[in-house]
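Residues -22 to -1, 1 to 124 in mature numbering (1 follows the signal peptide of the UniProt record, and there is no 0) are what the sequence shown spells out, letter by letter.
Don't read these hints as lab results, they were simulated from the structure.
Bear in mind the structure is a predicted one, so any value in this text is a computation, not a measurement.
Treat each hint with caution, since some may be false.
[Unchecked claim] Simulated DEER-style distance windows between Cβ atoms: (1) GLY56 <-> GLY27: 20 to 26 Å; (2) GLY82 <-> VAL49: 16 to 22 Å; (3) GLU18 <-> LYS64: 19 to 25 Å; (4) HIS8 <-> VAL102: 17 to 23 Å; (5) THR60 <-> ARG80: 14 to 20 Å.
A virtual CB, placed ideally from N, CA and C, is assigned to each residue, including glycine.
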Amino acid sequence: MHGSNILVGLLCTLALSSPARACGDWLPKHGGQMNHDGGEVAFELVGQGREVTLHLEDHGQPIPTAAVQGVLSFERDGKGLTSTLKPAGGNRMAVRLPSALRKGDKLVADISLPNGAIAKGAFVYGVEVQLRTRFGAPMNFAAPPR
């Protein structure tokens, strides 16, 4: 009987230590940075120099982007621009910026899905952000090292 009590205690500890995931609060799968507004659609931003790729998912399932339309707003030092996001195969949207990304750049992706739904993903590039789960507990996600 003593062994079963230990097992029950271990299972309870594991269940309580697992982070809760609200809609859109997903870990990055491609070495990028997740949107910090925790909407229904999860955006993972992967930046490499001037190239920006967004991976889109809905509840962990890739969203095909062939018919998705979108723009990426980019702001640095109070100056901004908006560029059209292009489907890049699979669940990816991509754009080339006029200059390489730097820590602190603000990016907002606005997309329209084929079913008429709209989604927004907001980022501060290279800066750790804190999400809140639906239970109010903070979740920290570090930006990928550059």
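*Is the gap between the beta carbons of THR60 and ARG80 within 14 to 20 Å?*
18 Å, holds
*Using the C-beta atoms of GLU18 and LYS64, is the stated range 19 to 25 Å upheld?*
23 Å, holds
*VAL102 and HIS8 - C-beta distance against the hinted 17 to 23 Å*: Roughly 19 Å apart at Cβ, these two residues keep to the hinted range, so it holds.
*CB of GLY56 to CB of GLY27, is that within 20 to 26 Å?*
The hinted range 20 to 26 Å holds for GLY56 and GLY27, with Cβ atoms some 23 Å apart.
*Could one say that the CB atoms of GLY82 and VAL49 fall in the range 16 to 22 Å?*
21 Å, holds
Of the numbered hints stated above, none is contradicted by the structure.
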